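So the sequences go chain by chain: E and P. Positions 1 to 288 (my numbering) are the ones given, in order, by the first sequence. Positions 1001 to 1467 (my numbering) are the ones given, in order, by the second sequence.
Keep in mind that a hint or two might mislead.
Claimed, not checked - Facing chain E, from chain P, some residues (calculated, C-beta under 7 Å):
{"id": "1", "residue": "Ile1040"}
{"id": "2", "residue": "Phe1264"}
{"id": "3", "residue": "Ala1271"}
{"id": "4", "residue": "Glu1276"}
{"id": "5", "residue": "Glu1310"}
{"id": "6", "residue": "Asp1317"}
{"id": "7", "residue": "Val1322"}
Claimed, not checked - Derived coverage of chain E by chain P (criterion: at least 3 residues anywhere in the stretch with Cβ under 8 Å from a Cβ of chain P; other residues may be distant):
{"id": "8", "region": "62-74"}
{"id": "9", "region": "203-212"}
Claimed, not checked - So these bits of chain P aren't anywhere near chain E, every CB distance computed over 12 Å:
{"id": "10", "residue": "Ala1059"}
{"id": "11", "residue": "Asn1081"}
{"id": "12", "residue": "Thr1246"}
{"id": "13", "residue": "His1268"}
{"id": "14", "residue": "Ala1314"}
Honestly, the hints are just simulated from the structure, not real lab data. As the structure is a computational prediction, the values presented were derived from the model and not from experiment. Backbone N, C-alpha and C define an ideal beta-carbon position, used for all residues, glycine too.
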Amino acid sequence: MDQRDPFPRRTATPLGLLPWIGELARTLPGLLASYTQPTVLDPRSREKIILAVTEVNGCRYCAWIHGAWQDFLGDLDRAKADEAVLTYARACAEAGHPVDPAPLLEVLTPEAVQAVRATVVQIEVSNLVGNTVDGLLARLTRKRPFDLFGIAQEVVVIGAAVPLALPLLGLAAGMRAVERVAPPLPEIGMPPGGEANLLCHMLAAAVRSYLGNAALRLALLNLPVEIAVGVQAGRTTATVRVGRGSVAMENGIAGDARMVLEGEVEPLLRLATGSVLSELGNIRIRPH
Amino acid sequence: MTVNDLTVALKEIFGDARVDTNVARYLNDITEAPRGQADIVVQPRSADEVVAVMGLAHAHGVPVTPVVAGYNVAGLAIPRNGGIVLDLTLMDRIVEVNHDAMYVVVEPGVTFGQLKAHLDAEAPELVYSYPFAPPFTSVLANALLDGLNNLSLRHGAMGQWINGVEAVLPDGTVVRTGAGAVVDSWFGRAPLPDLTGLFVSTQGTTGVVTSAALQLQPKPPYRARWFAFAYDLAHAHAAMTALARTGSFDDVGLMTWPAAKMLFGATHDLARAEDEPLAFLFIDVTGASEMELDARTAMARRLLGEAEVESIFAVEDLVRLVPRYAKLAELPTTLDFLLDYPGGGLTWVGAYGPGGRWLEGAEKGLQLLEEHGFPPFLVARPMNGGHFYVLRFVVCFDKGDPTEVDRVRAVMGQTADLVLDHGYVPYKASADAARRILARAHPGFTELWTRVRGLLDPDHRMNPGRW
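All chains should be built: construct the whole structure from the sequences, respecting the hints.
Okay, here's the thing in structure tokens:
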């Protein structure tokens, strides 16, 4: 009789987890950076890596949670993680252990490489735990050999993961709900022809990125009145107008702007790409 | 010799597949250059086949226009007097990469994309210099036409990168120049009589180069790219000069505001708001170590600040927000916002000249473009450590509109005169610009050129209409 385990996916076993725990220890600061420093690893890129690994491992729970996360953030062109990164992520998942990250260093900074490695570890472990749930269900429904030691091991793994998994499932459900009710991003109004200044174009790109996020879209586009905010980057000025379902840009600071964000181009660019916390100190906000 | 006789003779050499009387695609380029005329196109695969074509053409007095890669400017490869189009695209071998003496030997069909991929795989410690041109364009043509690439600030115009060539003269004779003519290494042009120059910037009028040795440079492991905004040309020029003279930067240059707007999709009625930058500078910094890169970056920031060039920011931050800006940072590059301009026309007058007259030339050239109703689009770069500068005035236009084409011809002619008035000499000169250059040249230059050309190609069969 064939004694091989018919469950087709890898689950969390001490031996299987060992290389990932070692990798996690080596890249722990990167894990923090992957969630707090978008200039190191863009959140949309992070979710693409996560989904690439999850696709290989076949964990339906992670696919559901991070699919919700990706939809919530919005899938823009700029979130295209470098193909080398996705290749690395898939290779790790297929090997069942971290592979040599050297090719990443040719296309990413060392900090970004660490964040990518940490992201792969995080989702790999999550996938293994998620698959363990399905593995246990398979045992209980006799689609897999009934093995008391195996069951005990799986219960311990799942029990340890529940405190983290349940809030994540709740968060994902919330994100899915917000994504469903948020209005779509309208076409951004621009000054006619070639008159839009460079700041208008850059702000339009930033607004597109920010409003890719379903929660911001829901909050800002449903404002009952239009809000005008001026921006001065270096010497160049522009105004963003948002509310009542529309978004528009105009050259210069509009007379009805409620406030003006002032700063050099560099911090404003970083702010525009999501580094809110680290760059807010470099931006001045004044009433108009 | 009739076209039929020529066809039969060429098919005897090449067979049917690489000989064609359908020459339509060779008769135009992307510029305002008028449509050309040719009888037959042939695609050799080797230097021996080039020798056979050139021998046949010489014996029967048939004009020959060499062409490669299918992306040409200024009418340089449009056949004028009928005869043979010698399409070198299939000669695309990278013959040798010499890691020791740091050069690569390429055939004319080798493209920038092909060379970059090859070096990345086979010689990752070395790098060539890449242009603001699509990856499918020819490395060798760019060098022979003295183009400017992203390491030209450090190492000069691309003609200087040629260590030697193998070429077929108009009468079918095979010649070699550079060290490779004497020993088994193409390490340089010195210390021999420098005959390589016979094939540089001569636009195919002296023979057909079938391979050339091109210098490679060490590739530093650390690299950062920066943009900065300049609100007037004087400060932009001061910044470029200061950066160039340190000898510490790989590339420094500028583009004026229309380029940035076109990158965002604007095509017509371009207008600059009062508070917008006039130009953005691009600065490419490398280092053998992180410390060296940081020190150079700090120096760039200081020099830009002293020149009152503001708003310095990393290209990677901008690209994160607007990915299409990567097109200006990673070369070679397909600048589709120029190539896909409605009507498909793209032309420029580009010239090399002294830094001391750059500012006046730039200001007057931009003014001239605006007077003719075109956006003030300028690309510039100090070259060869700042020994000379580039002024390139760019115009996008509708090739299907004859009135607009006439306007373009007029403004390009006047721009060629303007740059010459300011001590600048057009590179990749169109036939019109070449006439203007020769009209101002010292009689001794014209005499020497006439004699050299007369010696090599007395009937002016090679790329007729040029020089």
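Checked hints:
no.: 1; hint: Ile1040; in the structure: violated, 43 Å
no.: 2; hint: Phe1264; in the structure: holds, 4 Å
no.: 3; hint: Ala1271; in the structure: holds, 5 Å
no.: 4; hint: Glu1276; in the structure: holds, 5 Å
no.: 5; hint: Glu1310; in the structure: holds, 5 Å
no.: 6; hint: Asp1317; in the structure: holds, 4 Å
no.: 7; hint: Val1322; in the structure: holds, 5 Å
no.: 8; hint: 62-74; in the structure: violated (count 0)
no.: 9; hint: 203-212; in the structure: holds (count 3)
no.: 10; hint: Ala1059; in the structure: holds, 53 Å
no.: 11; hint: Asn1081; in the structure: holds, 42 Å
no.: 12; hint: Thr1246; in the structure: holds, 22 Å
no.: 13; hint: His1268; in the structure: violated, 6 Å
no.: 14; hint: Ala1314; in the structure: violated, 7 Å
The structure is inconsistent with the numbered hints 1, 8, 13, 14, although it conforms to all the rest.
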